[in-house]
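> Chain residues, written in single-letter form:
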Amino acid sequence: MWFANAKYVLGRVLHGIPIILAIVVVNFFLIRLAPGDAAQVLAGESGAATAEYMRQIREQFGLDQPLWLQFVNYMKNLLVFDLGFSFRHNREISELIMDRLGATALLMGTSMVLSIGFGILLGAIAAVRDRTLLSHVIMILAIVTYATPLFWVGLMLIIVFALNLGWFPTSGIATIGAPVDGFEYAIDVAHHLVLPAIALSFFYMALYTRLMRASMLETLGQDFIKTARAKGLSSSNIVFRHALRNAIIPVLTMAGVQVSAMLGGSVIIESVFGWPGLGLLAYEALFSRDLNLLLGIFFLSSILVVLTNAIVDVIYTLVDPRIRLNGGRHA
Amino acid sequence: MFKSLKSLLSVSTIAFALAVTASSAGAQSPGGTIVITTTPEPATITNALSSAPTTAELATKIFDGLLEYDMDLNPIPSLAESWEVSEDGLSVTFNLRKGVVWHDGVPFTSADVQFSLLEVVKEYHPRGKGNLGPVTSIDTPDDYTVVLNLEHPYVPLMRGLSSLESPIIPKHIYAGTDFRNNEAVNKPIGTGPFKFVEWVKGSYIRLERNEDYWREGKPYLDSIVFRFIADSATRAAGLESGEIDVATFGTINPVEMRRLESLDGISIAVGGYEAISPVMLLELNNQRPPFDNKLVRQAVAYALDRQRIIDTVWYGFGKPAVGPISTFVAGSGAFTDEGIRDYAVDDRLEIAGKLLDEAGYPLKDGKRMSIIHDPAPFGEDWRRMGEVIKQQLGKVGIEVELRNRDYPSFVRAVHNEYDFDMSSSWYIGMADPTLGVQRNTWSKMINPEVPFGNSSGYKNPEVDRLWEAAQTEADPDKRNEYFHDLQRLLVEDSPLIWLMEMDLVAVQRDRVKDLITSPFGIRGGLYDTWVEK
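So the sequence lines, in the order shown, correspond to chains A and B. If you count the first sequence from 1, position 243 lands on 243 in the numbering used here, and the numbers rise without skipping. Counting from 1 along the second sequence, just add 331 to a position and that's the residue number in the numbering used here.
Bound conformation, chain B alone (with noise of 0.2 Å):
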């Protein structure tokens, strides 16, 4: 992972990811049909309106983004063959693939990115102002080249350009309408590998093969159809039977995952989640007792066993996070372990009592504090491992109470009212910490309107800066500085814990192969993706 830092923008970087996506290349015979298992069913299926999971794991067969990313998160041509990147920063120059058209026949040209991009994903996309920001206009000189003009210099732009982030759709479908009512967003055209076929609600969601695909002899696979079953036991079911191929990450318990890979003709598929670098936290409330105190959490993030967590309530799928900038990310150089404040010493437990008398907290009767911890209503995992925190941090005299909740009233307390002491949640920290890692802890996000930000409302004008100076900043080898100085300084002052990276995996039928072919993984095109006959 630690690979020396290649240039970002490079289109050297083309032959190389090449090489990776042929390295499967033999035996692959097309025709089949898999069945993925998802939860839940998404609202819609076209993902420039809508970042939710499911509707992403949908959309990306159906739609092409500018570009896609190798493993270790450079850029590789998709719709866009060809790129670059002016001397000074501000401009971006693409040359788009020849002779692609939409599933409905119609010729795909530079309009489609310019409205799609400025006009449909920037302001639509929850994440599109992360990504596409500081773009002010985008130039179309001929119908097959784009130039994306830039306010100011911004490197995560060219990490969110994929069908996951910012997928191209059709302009003469969507252009003059009410987008998200337009009945194309539940029926899409794209120019992706898979075209949409139908949806029955409740059900399934049948994609079948796109026979005009501008990747030749590809997809492999006829169709992919994604089934909708309420529940996790009959998903594991279903897979035993061999009646599901794939179930994605959270459709199917962890204990019972390990159970599904000791079978035969199942097995757990790793990786496919570098592109979206997900890691769990606990969220501190930093605005109220006890947790406007550094000592507290600092004691918090000693106290926490975080190996144990993982191994007993998440059976081993994940690994301790370093901080909020995880390994991930660790191909652009924006990681660091080096210089961290380390919790997971011997003497931790000590090293925490002694923080909490510091703080104020004197051990009275075996106990110290009582908060309450909200465990994100994301299943019976996460309340599990509400049940390891509070014993955890029972060990140093801070009594837990858990307050178990559904979505929409946990969403409102803890990240509306700010009502809350400890929460738990995961993050997608996304490619570049710029997109995905700030919301956490930047004070600009503090803001009751808009949930999952910095709910916990922590300011420091260092962090800020820091944050700031790595949105405009041209030179990746600075913007890796700043991200290693965040690091060291976040964990220090441990507004959050970090608990651990996340292993999306996914359970699958051996009769599938090459199904993670990307960091995407099932958030990819599959269309590498062939099945055994």
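If we strip away everything but chain A, and leave its shape as in the complex, we get (with noise of 0.2 Å):
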């Protein structure tokens, strides 16, 4: 069974390579769309250049070569994993990523663990206790949480618990001169993290639960159910062993999508909340056009959506042990 899955993930990984390049040439040439280029930013923000300073940092950035051998040279690049250098940030692109993917990978992390397992619990409830005031309270917070913009949660979560309560630091993701490892530090952190990783959580927990709970009143209306009932089944039997497993299938994919789409959420919150991930450094590099890095970050968002889906799919085995992954499904 675990040899199958590792040769099924592996499997799909390679197939996802033909897909991550052509999402990196899609990207390549998409993104020059754009109007303005990193010389003109750099120039923008020095308020005073001269056209030989303009002409010095096209030549560094290597911005005067012409379109198809800038493609060459990155794709070259690309093959042997060297993401290539931001001239901006004056240092190499992967460094860049990887200082900022800890900090990504913690709050993504964080908020889908709490998303996804509130999101299910609410959902069931929701479900189990259908037609209940319980039920429409729970209903009615998935939709305003799902309806606020994330900046304004953050806000106010900043206003009431680190403003007004004094609870929680507004913003940042470590005390700045404290010490940077041990028990201490990670304490520190933990305390940071709370508020951004909660608002991050309301906005999806809300459809996880939504998704949830239809998933489980679908689940609790079969066949199957009806016949552990007749055997006399306790009802938290019936939901927790039978009818819970075979509703969380639908939230796990839509997990898998989501992991993706986290990345792109977090910009708000790393924003509001002065979090140093990955999403603030593909705003700001937007901004700057500082093209490379920006497709240093699509590189990886890519690798990380084909992996994730292939780990999903792995998951999905787990769950539900009649999934088989070389295909088809057990009768």
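Accuracy of the hints is not assured; some may be wrong.
Said to hold, decoys possible - Computed footprint of chain B on chain A, listed as stretches where at least three residues anywhere in the stretch have a Cβ under 8 Å from a Cβ of chain B:
#, region
1, 53-63
2, 90-103
3, 268-282
4, 287-293
Simulated from the structure, these hints should not be mistaken for laboratory data. Remember, predicted model here, so these are calculated numbers, not experimental data. Built from N, CA and C at the ideal position, the CB exists for glycine as well.
Starting from two chains that each stand alone, build the complex the way the hints lay out.
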């Protein structure tokens, strides 16, 4: 079983390679449609540039080369996993991304766990206690949090919990000047993580709650549940052992898709909470036309999406043993 | 501000300047950290190679210049202890301070100055050609003397030698390397009051006290942290909660600044932008209708209510501009408001209407013409100003369509393709009009390759003649006359609309003392700044 899974994942990843390459090619040309280039941004920031300065910058950035040559060079480097150099930051792009990846992964991971966990729980409760006050309250809350803009949730959390109550810091990932390793550091980071993770979870939790409720209601109406009831199984046994495992599949599918969306969603949260993650790096790269950096981040995201989808497939088999990865499903 | 003209090059101003900086002495206690928030996070922190505003805010703590300036923009000593300008104005001799060491312990000498000014700043700094253009060579007769040789007399030279404009960087680290890709660019070594410690990208940069700083007993602070937070409301919350001590201009919306100001323990730090002389303006495309017509340009100048824009959009952080040359440089005598056409008269709307009639744009169905306005993509306040301008110009029948774009698209359309009618922007006027103001109206600055030059495409031989004469004139009084003529001529011709002299104030917690002690303010060395325990 494990061997088969590993083989399957490897196959999926190999299939992913042409997809990723296609994404890279499309991205390369697509983002060059945006008007303006990095040299103009730098010159604009400097407030007073000369023609010579502009020429120097373009030469240094390789912007003076024809597009096809830029493309060939980029692909050549990419094949040996060299993402290139960000002249704006004066650093290797892989370094820049790696520096930020940890923060994003931490925020995303925590929010995923929170939103999926609570989403499943609340959705299941709403389905089991369908048409009760509790279920209505949960569903109204889900609609409200789904419809509330992320930045507003973030700011409200800051005002209430950081400014008025003073329980959490307003922004940042750690206290500046404090030790950067050990238990104390972990506590410090966790302390900074609370508000952004909750804010980011809100929106997705609403989504999972609604999905889970619908899926659970459908499952609870199926014949095998009736059979279970007829066998005289306890209600909790039915819900947890039989219904939940079946109802959870759509939520997992959604979660797989959401990993990539969360990278985007976290731009807002990273911005509001001063969280030094990838979303913000991509956002700044776009507005400074640091195209290589932007491509690097896109490249990483596409890898992430391909990988996550393969992993979600594997998780299916764990949740529902009837699903086989080599295709087909047992009757 | 209107002090009698002092000889700019005189050493006698030193005593006066020392008196100014010493006036606040008394209760300073050493130690402590301040957290400054600024935006955006800079791309690099060596301002010899970049003039981006946040780069300058950081680098001026790490590097020194040959000179600093008092509040009237007269030079005072820094790395140069004294100086002398030759009779013919063709050479300037600087006697350097002895015993100064770089942060890595290597002694500072005249070779560093020669290298920095000639090979780095003049060549690579975007404003280097303006500040040091006529400097042809630099002699170093000994380790502590440098002689700058000039092609022609150049008065602005002595106004552009601060750490902000012409920082001195270590030759032993940069010589023979590719400067921009030298890793020291982001781990700078300077002679300044603070040393670079670490840069956590996306979060903060930390500087700490230079124990060997040449100013005895300074700086007072143990460290300065620059924090980068992308959201303006969060920055305001950080200031309110006390996590941030100082927020630079542009990090917090003007309306929010007024709210914070009313809270206990927070105030507005006024001053510290005199040497930068920031002026906000509207650029009009002089090369195509309708703004190729002087009457239409004047009509716009009449139609706009500057004071109202300042009050409603900028919450009073500024005052109406008289013309291109601002009152910030009044100390040097370059500013004048005499004989200037006054657009803020009571019957300005009637005059604007008449001018537009005369220009061939009669009122039809309440409308005379339509134009497109591209607000500067510097934030929501600029968009809001666009809305106010739309409303004000609508009163005289000019219909305005607003077009908001992101920064690179804006720069390309307005400053490279010159495809615009009206756009807003601001410029750094600098301590001398030749350095900062000239570029907007001198016809030689019409160059689509270079953004933020004379993008309006204004050409006037008389204006060109005056700017060029001021470049090489050695007599300060004569230069000032040229500037006064320029001021009159430009305001009359109205190729651009000068809206307001900007107050680039900061917001600070009251525990921070002596934040603004020089005309550079937060862009100075902050070696006099201290915190209350």
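> Given as covered by chain B, does the region 53-63 of chain A meet the bar of three residues or more with CB within less than 8 Å?
holds (count 5)
> With a Cβ-Cβ cutoff of 8 Å, does the region 287-293 of chain A contain at least three residues near chain B?
With 3 residues close enough to chain B, the hint holds.
> Within the region 90-103 of chain A, is the number of residues with a Cβ closer than 8 Å to a Cβ of chain B three or more?
Since 6 is at least three, the answer is holds.
> Taking 8 Å as the C-beta cutoff, is the stated coverage of the region 268-282 of chain A by chain B satisfied by three or more residues?
holds (count 9)
Comparing the model with each numbered hint stated earlier shows that all of them hold.
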